[in-house]
Amino acid sequence: MDYYTDAILRALQLIITLDQEVIQVVATSLKISITSTFIASIISMPLAVLIARNKFKTKKFINIILNTMLSLPTVVVGIFVYSLISRRGVLGELDLLFTPAGIIMGQVILIIPLITALIRNIIFSMDEKLYKTAISMGASRSQKFKLLILEARYGIIGAVIAGFGRVLGEIGVSMMLGGNIKGVTRTITTAMSLETNKGRFAFALALGIILLSLSFLINFVTYFLQEGKNYARR
Amino acid sequence: MLEDKIIEVKNIKKICRGKTILDIDQFAVLKNKFNFIIGGNGSGKTSLLNILSLVEQDFRGEIYYKGRKINKDEQNLALRRKFSVIWQDPYLYRGNVFYNIALPLKLRNIEQSIIDKKVREMAGRLEISNLLEQSAYTLSGGEKQKTSIARALISEPEILFVDEATTNLDEESIYFFNSHFADLVTDEMTVVMVSHDRRQIKELADQITLLKGGKVKTTKTINDFNFELFGAGIETFIAELV
Numbered sequence: 001m002d003y004y005t006d007a008i009l010r011a012l013q014l015i016i017t018l019d020q021e022v023i024q025v026v027a028t029s030l031k032i033s034i035t036s037t038f039i040a041s042i043i044s045m046p047l048a049v050l051i052a053r054n055k056f057k058t059k060k061f062i063n064i065i066l067n068t069m070l071s072l073p074t075v076v077v078g079i080f081v082y083s084l085i086s087r088r089g090v091l092g093e094l095d096l097l098f099t100p101a102g103i104i105m106g107q108v109i110l111i112i113p114l115i116t117a118l119i120r121n122i123i124f125s126m127d128e129k130l131y132k133t134a135i136s137m138g139a140s141r142s143q144k145f146k147l148l149i150l151e152a153r154y155g156i157i158g159a160v161i162a163g164f165g166r167v168l169g170e171i172g173v174s175m176m177l178g179g180n181i182k183g184v185t186r187t188i189t190t191a192m193s194l195e196t197n198k199g200r201f202a203f204a205l206a207l208g209i210i211l212l213s214l215s216f217l218i219n220f221v222t223y224f225l226q227e228g229k230n231y232a233r234r
Numbered sequence: 001m002l003e004d005k006i007i008e009v010k011n012i013k014k015i016c017r018g019k020t021i022l023d024i025d026q027f028a029v030l031k032n033k034f035n036f037i038i039g040g041n042g043s044g045k046t047s048l049l050n051i052l053s054l055v056e057q058d059f060r061g062e063i064y065y066k067g068r069k070i071n072k073d074e075q076n077l078a079l080r081r082k083f084s085v086i087w088q089d090p091y092l093y094r095g096n097v098f099y100n101i102a103l104p105l106k107l108r109n110i111e112q113s114i115i116d117k118k119v120r121e122m123a124g125r126l127e128i129s130n131l132l133e134q135s136a137y138t139l140s141g142g143e144k145q146k147t148s149i150a151r152a153l154i155s156e157p158e159i160l161f162v163d164e165a166t167t168n169l170d171e172e173s174i175y176f177f178n179s180h181f182a183d184l185v186t187d188e189m190t191v192v193m194v195s196h197d198r199r200q201i202k203e204l205a206d207q208i209t210l211l212k213g214g215k216v217k218t219t220k221t222i223n224d225f226n227f228e229l230f231g232a233g234i235e236t237f238i239a240e241l242v
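Residue numbers (full-length UniProt numbering), protein chains in the order written: chain C, 1 to 234; chain E, 1 to 242.
Isolated chain E, as found in the complex (with noise of 0.2 Å):
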């Protein structure tokens, strides 16, 4: 149904250097819920994901948000206001880790009280307050993440897009991120996660949808899913997607 779906993309076609690298005829994100996207190196997960975030503007095809199709010429500001984006390697801009999550409020002039009281806040949930005032040029995988979820929270978005985000941390982060996320997203939130950590996605998924060079191979909610498979290796999980 229409009014379930945030977003929808049709047609979509990216070619790089004369090579289609996606490839979609249809594709919905649900609303308000954690939509998965998995897939192989090169299956055009990321590529997908910068699509619908808005982040990438060179391709061909429709993007509707909430059945509205989204004029790609125009500048999409405040569309672009309720979506955040958390990457696998973030960058943090020259500055303390205080600065790097006030950047959106700033971007949307908010005052700055409500700004010193936020950040506190924010960097409080995400455990990194002793960070606020440390270069974001010293931290580690880690911290430099936690500094990037905060930053892609503090402006309450309405679609939360997650591009591998635990793919380059070390354990210990990885657990945090993992039995910290689902509380850090609210439940008016809509999620799209590019991810491959079964954890993540058995706690998770609400609907999971398979890449497979270029195109939407299969999408399957996680009520069809069987999760006997989640103790065998990632090969057989998408197996049993196909």
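Bound conformation, chain C alone (with noise of 0.2 Å):
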């Protein structure tokens, strides 16, 4: 018992004491999981409109590969994306490989079916008298499209939030693509793995607890919104 209440005691220091170690590699593991959400919603977003307010012969088929691709593993992702980028990739030139750049790249695709599927959701289940009322009103196609995000933002929010919260807590793609490097791709899931199979529990536990934090937060904010939008549509 001692073993865990010293563990999570130290860990609880390294937190509070903001061990330098501790916020390196949750400060690269935000600005990756941002970077690459910010990259996947903005794809994400117009792709959804796309396919939920349009009608096209492989939509059906479309719908059956994006809701496929969302229990997409991350390490198929990660195996996918090192062919690209890999010396002998067709992206190799790039040198993106064992770079922050190269997991971003994998994040983007991990996490853009999931954001898209969840905002074509939203879309599609909004009220059909939005689009009318919006030509009516003498909207172009781009203000259409504004005033669209605009009705559904909490429900996108949520939806890019869901990405973020993916992207934080996956290792495949992190540890597959960035090498974890001290410093530069070291993200707070591949350091948890490390540390913990060097025996700094502690330290891993510290960026445990870091995680769930996060993603407790994460989820806070999710609910809040969705339960706003409930309330404002009651």
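Honestly, the hints are just simulated from the structure, not real lab data. One should not assume that every hint holds.
Said to hold, decoys possible - Dumping the calculated PhoX-like pairs for lysine-lysine here, alpha-carbon to alpha-carbon at most 20 Å:
id : chain 1 : residue 1 : chain 2 : residue 2
1  : C       : K132      : E       : K106
2  : E       : K202      : E       : K10
3  : E       : K212      : E       : K31
4  : E       : K117      : C       : K144
5  : C       : K144      : E       : K212
6  : C       : K132      : E       : K72
7  : E       : K106      : C       : K144
8  : E       : K106      : C       : K146
9  : C       : K55       : E       : K72
10 : E       : K82       : C       : K132
11 : E       : K117      : E       : K106
Starting from the two chains in their separate frames, assemble the complex, guided by the hints.
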């Protein structure tokens, strides 16, 4: 029992004293996750609107592929992107392997299906009158898109946060494409794995507590936004 | 005469899930007049209104605006901005009443000071000045409809489309609508109105068109109409038209 108590106390001490190593790992993780979530969101929003609001022949097929990709294992994405950015890959010349950009590329591919599917569902469930009213008010194509995004903003923020939560907690992509280089590509999850193997249990636990707190914060914000949306609709 | 027709449709066909819901050879909206469209449930009134107002694009046939054929594939933005629609069950956007009324002007990139002035003036005319800062989600049915009327009129449309605007309203709101609507519409405005309210028809209508099963059954001007029948039920009223 002392082993656990001691580890937890030391972990809390590392957090409270703002241990430089812990801070560096958390900062790297947040920087990479925020960047990949931002890029994925920019791509996912128009993609989701396109799928939800348009009729085309391959729509059913695309929806099935999209739903399948929701459960995409991180290591599969890791292998796929590795094959692209490794020295012999088609993007090998860009030297992206074992860099933050490499991880970001993998994470963007990982969460595009998730954010797109969530936003697609939100757009699909929105009142048809929203579009008719926008047309009748004289909205251009881009203004209709803007109005739609504004109307669905709380749901979209929820979808983006869900995507952020997914990349923050993943390890497969970060490990395979980042290489766990200290101060460069070492994220919370890869550091936890490494430090546990090295026997620095308290350090790994400190990162675990931070990850759990961030996860709680993400879920709290998502819940608050969803409730806010429902309240506004009542 | 062509110059009297602001909008004309020819050979309009709208098919929904294999069923023909609108099949009109010819129909015209008269300029600067109150054009009423009446008919039973499923007669195609709202579908026709959606096509005339360019809200609906998925149909076969031709539309003419002042004699010029409108290309359905083009965005028709400039033309759409001459039209406004008041819906039976209006959709108000997330935000307060001011924001909702101001939206058509914002979409037209009008200067904010002009928007402020026009919105307050329009809200005053519809007696909703006290609601301007209130969230659109907290409004009653009548207040929502007044907001949507203000929103439709603020862009000073050339043609105003009204789709059974009073159907879901309480007595007080219907009374307000009936007693104020004619004053809100300018002489230069053309109105296309789907309504069953005999008082509205009697007081406002210049042309009445009856739809049945998606087809134009008859079109009459108000002079051809027997007003004595207004005391009777709607069935008698429609029978007179037929």
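Comparing the hints with the structure gives:
1. Note on K132 of chain C and K106 of chain E: the hinted pairing holds, with a Cα-Cα distance of about 17 Å set against a maximum of 20 Å.
2. About 28 Å separates the Cα atoms of K202 of chain E and K10 of chain E, which puts this hinted pair outside 20 Å; it is violated.
3. Note on K212 of chain E and K31 of chain E: the hinted pairing is violated, with a Cα-Cα distance of about 24 Å set against a maximum of 20 Å.
4. A threshold of 20 Å between alpha carbons decides the hint, and for K117 of chain E with K144 of chain C the separation of about 25 Å lies outside it, so the pair is violated.
5. The suggested pairing of K144 of chain C with K212 of chain E is violated, with an alpha-carbon distance near 34 Å, which exceeds 20 Å.
6. Taking the CA atoms of K132 of chain C and K72 of chain E, the gap is near 16 Å; set against the 20 Å cutoff, the hint holds.
7. Annotation: proposed proximity of K106 of chain E to K144 of chain C holds, straight-line Cα distance about 13 Å (limit 20 Å).
8. For the given pair, K106 of chain E sits about 12 Å from K146 of chain C by alpha-carbon distance, which is consistent with the 20 Å threshold.
9. A distance of roughly 17 Å separates the Cα atoms of K55 of chain C and K72 of chain E; the hinted pair therefore holds under the 20 Å criterion.
10. Pair hint K82 of chain E plus K132 of chain C holds up; C-alpha atoms about 16 Å apart against a cutoff of 20 Å.
11. Only pairs whose Cα atoms come within 20 Å are accepted, and K117 of chain E paired with K106 of chain E is accepted, the gap being roughly 13 Å.
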